[in-house]
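Asker: These are the residues of each chain, in order.
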Amino acid sequence: MTMLMSRRDCFSLAAASTLASTLPSLVAKAAAAPSSPYRAMVGIFLFGGNDGWNMVVPTDSARYSAYSSARRAPIVLPQTSLVPLNGSSFGLHPKLRSLRPIWDDGAMSIVLNTGTLSQPLTKAEYIAGGSRYPTGLMSHSDEQAHWQGLRPRASNPDGFMGRLTDRNYSSEVSSLISFGGGSLAMIGQTSAPLVLPPTGIVSPAGLSGNPADPIVFARSAALNAFASGSGLGTITRETALSMGSAYAQIGTANAILANTSIVDQYFVSPSTGTPLSSDVANQLLRTARMIEARGVLGHARQTFFVSQGGYDTHAAQAAAQAALYSDLSDALLGFYRAIAALGVVENVTAFTMSDFGRSYRGNAQDGTDHAWGNNQLVIGGSLYPKQVHGKYPSQVMGGDDDISGDGRFIPTISQEEYLGGIAKWHGVLDGDMPYVFPDWSVWSQNGRVPVPLLRS
Amino acid sequence: MNLADAARLAKQATFGPRADLVTYISMVGADQWISEQFARTDSTYSDLTDPLPLDYCKDYTCFRARRTREQVAMRFYRNAVSSADQLRQRVALALSELMVTSMQKTDDAAGMAAFQQVLLSKAFGNYRDVLYAVTRSGYMGNYLDLADNNKSMPSENYAREMLQLFTMGPFKLNIDGTPQRGGGGAAIDNYNSQDITGLSRALTGWTYSHINNGSVTDYYSRDYTKPMVPLAWFYDSGAKSFLGYTVPAGASQTASLDAAIDAAFYNPSTPPHVARHFIQQLVTSNPSPAYVARVAASFINNGANVRGDMKAIVRAILLDEEARRTAALQETSGKVKEPILFLASIARALNMNTDGRVFQDWDDSLGEPVFFSPSVFNFYPPDYPLRNNPGLVSPASKLLTTGQIVLRSKLSYAWTINATSPRGEFAVKLNTANASGTSVDWSQWEAFGSDFDAMVSRMDLILLNNTMTDPQRTALRSSWETIVDVDPRLQARKRAAALLYIIFSSPQFQVDR
Chain A
1 MTMLMSRRDC FSLAAASTLA STLPSLVAKA AAAPSSPYRA MVGIFLFGGN
51 DGWNMVVPTD SARYSAYSSA RRAPIVLPQT SLVPLNGSSF GLHPKLRSLR
101 PIWDDGAMSI VLNTGTLSQP LTKAEYIAGG SRYPTGLMSH SDEQAHWQGL
151 RPRASNPDGF MGRLTDRNYS SEVSSLISFG GGSLAMIGQT SAPLVLPPTG
201 IVSPAGLSGN PADPIVFARS AALNAFASGS GLGTITRETA LSMGSAYAQI
251 GTANAILANT SIVDQYFVSP STGTPLSSDV ANQLLRTARM IEARGVLGHA
301 RQTFFVSQGG YDTHAAQAAA QAALYSDLSD ALLGFYRAIA ALGVVENVTA
351 FTMSDFGRSY RGNAQDGTDH AWGNNQLVIG GSLYPKQVHG KYPSQVMGGD
401 DDISGDGRFI PTISQEEYLG GIAKWHGVLD GDMPYVFPDW SVWSQNGRVP
451 VPLLRS
Chain F
1001 MNLADAARLA KQATFGPRAD LVTYISMVGA DQWISEQFAR TDSTYSDLTD
1051 PLPLDYCKDY TCFRARRTRE QVAMRFYRNA VSSADQLRQR VALALSELMV
1101 TSMQKTDDAA GMAAFQQVLL SKAFGNYRDV LYAVTRSGYM GNYLDLADNN
1151 KSMPSENYAR EMLQLFTMGP FKLNIDGTPQ RGGGGAAIDN YNSQDITGLS
1201 RALTGWTYSH INNGSVTDYY SRDYTKPMVP LAWFYDSGAK SFLGYTVPAG
1251 ASQTASLDAA IDAAFYNPST PPHVARHFIQ QLVTSNPSPA YVARVAASFI
1301 NNGANVRGDM KAIVRAILLD EEARRTAALQ ETSGKVKEPI LFLASIARAL
1351 NMNTDGRVFQ DWDDSLGEPV FFSPSVFNFY PPDYPLRNNP GLVSPASKLL
1401 TTGQIVLRSK LSYAWTINAT SPRGEFAVKL NTANASGTSV DWSQWEAFGS
1451 DFDAMVSRMD LILLNNTMTD PQRTALRSSW ETIVDVDPRL QARKRAAALL
1501 YIIFSSPQFQ VDR
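The listed protein sequences correspond, in order, to chains A and F.
Reminder that position 237 of the first sequence reads as 237 in the numbering used here, one-by-one numbering, no gaps.
To convert, count from 1 in the second sequence and add 1000; that's the numbering used here.
Source of the hints: derived by calculation from the structure; they are not laboratory data.
One thing to keep in mind: the hints can contain errors.
Claimed, not checked - Quick list of in silico lysine-lysine cross-link-like pairs, DSSO-like style, CA-CA up to 30 Å:
{"no.": "1", "chain 1": "F", "residue 1": "K1122", "chain 2": "F", "residue 2": "K1172"}
{"no.": "2", "chain 1": "F", "residue 1": "K1226", "chain 2": "A", "residue 2": "K123"}
{"no.": "3", "chain 1": "F", "residue 1": "K1122", "chain 2": "F", "residue 2": "K1311"}
{"no.": "4", "chain 1": "F", "residue 1": "K1226", "chain 2": "F", "residue 2": "K1151"}
{"no.": "5", "chain 1": "F", "residue 1": "K1105", "chain 2": "F", "residue 2": "K1122"}
{"no.": "6", "chain 1": "F", "residue 1": "K1151", "chain 2": "A", "residue 2": "K123"}
As the list claims (entries may be wrong) - Some chain F residues judged to face chain A by a derived CB distance under 8 Å, without partners named:
{"no.": "7", "residue": "F1171"}
{"no.": "8", "residue": "N1174"}
{"no.": "9", "residue": "G1184"}
{"no.": "10", "residue": "T1467"}
Ideal Cβ positions, reconstructed from N, Cα and C, are used throughout, including at glycine.
Let the hints inform the model, and build the full structure from the sequences given.
Answerer: Rendered as C-alpha cells:
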C-alpha cells in the first residue's frame, strides 16, 4: 500500500498523538469567520419537563390567589417566599434567589407559556383536532425531539443547533460544544459536535511516544489500517468518521480544559463561598472555559448545549424541584459572573428549554403530570432589561387555555418565536432561517414575529 | 453453520463470541443452540433479594452494598462474562432497557435484584406475564409512582410510560412497524388524554408489601422486592374507559388491573413496537419493515395460537434471514455496540475471570451504568439519528460522544497492553461482598506462540467475524513483529495484547454486523 494522505488519515487515531502536543500551531487555524462581533448561545435543557408554573409565579393578588387555589396545597409556594422580580408582577421560586442579581442588572428575561406548536392554536381548534398540533404531546421523547428538532409533526433526523452550525463556519475544533451529553439538538446535517464530560480529562492512551520508535510507528500504521471503516456498511463508516473527528479534537480541547482559569473562581456558592459541585455547574464552568478560549479555538460563533435532569416530578415535587433550582441558579449566577469577568456578557445569551410544562393542579402524590405550555428564562447582557414576555394563561381549570380539566395550557408563543430571535442575534442569516427552523414560514407571517428579547 | 456465521450469531445472542462457543454453535447449528439456551438458568440474583429495613445500614460498607448498584451490577457483569445462559441474559438486558427501572431514583439494591430476577426468570415466558409482574413490582411501583397511586387525583406516570414504552408506543403502527399516517402525512396518536386518565384510575389502589408487619405508612419497612398489595381505599371503583375497554363501576381492583394490562398487551401496535425493540437490541438498528413484520407476526401467534410467547419472538429474530444470511446483509445493517456489550465482549475475548466490580469503574463514564439509567427512557433512544444519513437511526451512537470515543480507546489499551501484568484496578475491592477481583487468562493467546497467522485468524473470527482485510492483516503483522521479549510466552502475550488493542479500538469491532 502506498501512503496516500487522505482525509481519514488526517483524522486518524494515530494522528491525535501529534495533535495533543502541538496546540500552539492550531491557534491560527481558524477558517474564515464572520466579521461581526463574537457571539455565543447557550441552550440549557431541563430534562423531564420543568414545572415552570412554580418557577415563575404571579405576585399580583388576583392571580396569586388563583394560583394558590388552583394548585394542590403541597406544591403551592407561599407568596412571601417568592423572589421578587422588581418592576414586574412576577416572582421566582425561592430556590432561584441567586438569579435576583442578574435580574437587577437587567440581564434576565422571562418568557411565559411557550411551547411546541405547528400553527397558532385556539382551544376550539385543538378540540377539532386533526393536523393542527404536534404529534405525541405529553410524551417526553417526542416533545424533547420537537424542542430540539423543531419539526413538531414529523420525525427529526437533526436538531436546530446542529443545523445552525451547518450554516456557520468550520474550524479544527467544533464550535458546537456540549458538556452535557450527546443530544438531538446538536446533530447537524454536516457539522459534528465536540461532546466532553463535565469533569475530568479523557486522554487517549497508547498514542503517545516517539514516532521514531518502531513499535509506536507500526502501531499507528495498524490503527490507520482500520480507521476508515469502509466496506462494512453505513453505520461502521459513520462510526469511523465520528472516531476520527473525536481524535482530531481531543488534544486541543484537553489542553484548554486541563488548565486553571480565571472563570473558575466564580463557580462558588453565593452563601458559603465553597466551589459548586453540581453537574450543571460543572457544565457551565466548562462552557465558560471554552468561551474564554474562543480566540485560541478560532471561534467567532459558539453554540453550547447544557443539560440538567430530574424534572419529571410526578411525586413529592417540592423537595426535588427545590434541590434542582438551587443547583441551577447557583450555576447560572456563576456563569453570569464568569462571562462578565471575561468581558463578554453582551456577547452571550443563555436560555432554558424543557420537554413540556406540567399540570397546573397537580396530583394526589404531591407531584404534577405532563402538560404543554411552559415558562422559560433567558440570561445575557444584550437583553432588553427586566422584561416579561408573553401572556400568562387563564387560571380557570378547563378554561379557554386548558386542554384538560387540570391545567395543561396551550402555548401562546411557539418555540420558533422563542428561539428565532436568539438565533438571528447569534448570526443566522434571514435566508438560512427556513433551514434552521423548518416551520419558519408559519411563524414569520400573519403578524407572528420572534419574541423581542434582544437589543441588537 | 460455518464459523463466521456462528461468530455472528454469538455477537447477536451472547455477550461476545469465544472460540469454544463459536465452535460449538457451528457444530450444533443455530436452531439447536437456541433451544439449548432456552433451557439454561445459570444466572441468578435471588441471593441478593433479602429485604431489610431501609434504615438498616449504619456504615458506608453496608450502604454501598444495600443502597448502591454495586452488588447487583457486579452480579450482572460476572454473569455476562462467565455464565452459560447467555441468551437468557441478553434478552433480560433487552427487557431491562425496555421496562426501565433505575437505582438513580429507587436506591434499594435488593429491590433492583428482585426486579432483574423477574426479567431473567420470565425472559423466555410470555410477554403478558412479564408486563403483569413488572406492573405489580414494588420496585417499579416506586420508580414510576404506581405505589400509593390515589383515586383522589391519580398520577399518570406509570399509565403513560406503560403505553408509550413497554407496549404500544405513542403512534399507531402497521404490523411492519411503520407508522400509520393521518392528515398531512403525520403519525396518528395511539391514545389521548382521556385514555391516560381512565387507565390511571384503573391503576389506583396498590401499595408496597411491608416487612416485619410494618404498617402501610411506615417508610422504612417498605419491601421493594415483593409484588405490591391492594390498598382498598386508594382504589377508584367507579366506571372507567380507556383504549376501547370499559371497566364497569364496582369492578374489583384486580379486574381493573387485568383490563389495563390487556388493553396494552392486545393493542395492535404492541407486537411491532416490541418486536422492533428486540431486533434493535439483538441484531440491527435499522431492520427492514418486512423483518419487523415477521417478528411481530410471531408475537401475535407463536404457531399454537399463543400471543406474546417470548421464545417464539426470540427465535423469529435470530433465525430470520436478515439476522442469519450473510447474503441478506444490507448497506444499512448493523448496530453500534452499546457500552455494556463493548466491555463484556472484550472481557470475554480476554477470558477474564471476574467478580464484575471493575466494569463499574468504566460503564458510567462510557454512558451506560447498568441499572442506573438517567430516566425510564433508557440510556439512549431507539430513534437516535445516524448523522449524515436521514432516515437511519443508530441508538447507541448517542453514547459515542467525543469523550466516550476516546475513552473506549483508552479502555482498549488499559485492558490489553496495560494488562499483560496485574493491574491495580483488577485487585480485590476492599470491604465489598462477593469480591474476588479480576484477572485476564492469557493462555488462549499465548498458545499461538510465534504463529502470527493462527493468532490473527482467531481474532478475526471471534472479534470481526472474518471481515479483516489483507491490508489490515499486513499492518497487524508489522506491528506484531516489532514486539519482542526474551520470554517466548511473554512475547506471545504482548503481541496478542498489541493486536487486541488495535482491534478493540476499531470501528469494525465496535459495530456488530
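Asker: Does F1171(F) pass the interface check with chain A, least Cβ-Cβ distance below 8 Å?
Answerer: holds, 7 Å
Asker: If you draw a straight line from the CA of K1226(F) to the CA of K123(A), is it 30 Å or shorter?
Answerer: Roughly 45 Å between the alpha carbons, so the hint for K1226(F) and K123(A) is violated.
Asker: Closer than 8 Å between Cβ atoms is the bar; does G1184(F) clear it against chain A? Give me holds or violated.
Answerer: holds, 4 Å
Asker: Straight-line Cα separation of K1226(F) and K1151(F) no greater than 30 Å?
Answerer: holds, 23 Å
Asker: At a threshold of 8 Å, is the proposed contact between N1174(F) and chain A supported by beta-carbon distances?
Answerer: Since chain A brings no Cβ nearer than about 16 Å to N1174(F), farther than 8 Å, the hint is violated.
Asker: Between the alpha carbons of K1151(F) and K123(A), is the straight-line distance 30 Å or under?
Answerer: holds, 28 Å
Asker: Per the CB criterion, is T1467(F) less than 8 Å away from chain A?
Answerer: Holds. Min distance 6 Å.
Asker: With the threshold set at 30 Å, check whether the alpha-carbon distance from K1122(F) to K1311(F) stays at or below it.
Answerer: holds, 10 Å
Asker: Given the hinted pair K1105(F) and K1122(F), is their alpha-carbon gap at most 30 Å?
Answerer: Answer holds: K1105(F) to K1122(F) is near 24 Å, not above 30 Å.
Asker: Quick one, are K1122(F) and K1172(F) close enough, alpha carbons at most 30 Å?
Answerer: Satisfied, since the Cα-Cα distance of roughly 27 Å is no more than 30 Å.
The structure shown violates the earlier hints numbered 2, 8.
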